[in-house]
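Be aware that the sequence shown starts at 1, since it is given in the working numbering, and climbs by one per residue.
Careful: at least some of the hints might be erroneous.
[Said to hold, decoys possible] Here are the in silico distance ranges between beta carbons for each label pair: (1) Asn-116 <-> Asp-22: 13 to 23 Å; (2) Arg-61 <-> Ile-10: 46 to 56 Å; (3) Pro-134 <-> Glu-32: 23 to 33 Å.
Please keep in mind that the hints were generated in silico from the structure rather than gathered at the bench. Don't be surprised by glycine CBs; every beta carbon is placed ideally from N, CA and C.
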Amino acid sequence: MKRNILISLILFSATLSLTASDPPPVIGLCIEAPDSRNLDRFLSFMENDLAPGGVNTLVLRVDYGYEYTCHPELRSEGALTREQVKQLVSTARENHIRLIPHINLLGHQSWAGTLNKLLEVYPEFDENPSVEMPEKYEWPN
1 MKRNILISLI LFSATLSLTA SDPPPVIGLC IEAPDSRNLD RFLSFMENDL APGGVNTLVL
61 RVDYGYEYTC HPELRSEGAL TREQVKQLVS TARENHIRLI PHINLLGHQS WAGTLNKLLE
121 VYPEFDENPS VEMPEKYEWP N
């Protein structure tokens with residue numbers, strides 16, 4: 001009985017000394033995903049620059065740069081294939097980089113007088129069809 005109490009006290013005191021470590025700080029970038037022609041260069045950038053520099057989070061602005069299967073009409077020229085995305089994910093994992101894909105929301109389909117792929121193909125999704133963009137768009141407007 002005394003032995004069981006002693007073992008219990010030792011185990012209990014050992015758990016008191018264990019503390020959860022703080023999660024590592026997020027060191028990240030938000031960057032446009034590469035097109036298929038520049039994938040190898042981007043993978044090298046992840047391995048040789050981002051990871052050694054301590055970057056552990058990467059928000060990739062994919063938008064229409066992926067070969068979507070359900071709506072292929074929304075693909076950008078040079079869109080990444082499924083296999084290429086797997087390469088991106090694998091390189092990120094090997095280098096302890098968390099990938100967060102970013103795809104524009106419905107309300108962000110045009111920029112600086114240029115329509116993005118969704119409004120090119122489906123203009124009925126325009127939330128403000130009556131707003132005309134100036135011929136020469138200047139930022140800030």
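Need the list of violated hint numbers for this structure, in ascending order. Result: hint 1 breaks, nothing else.
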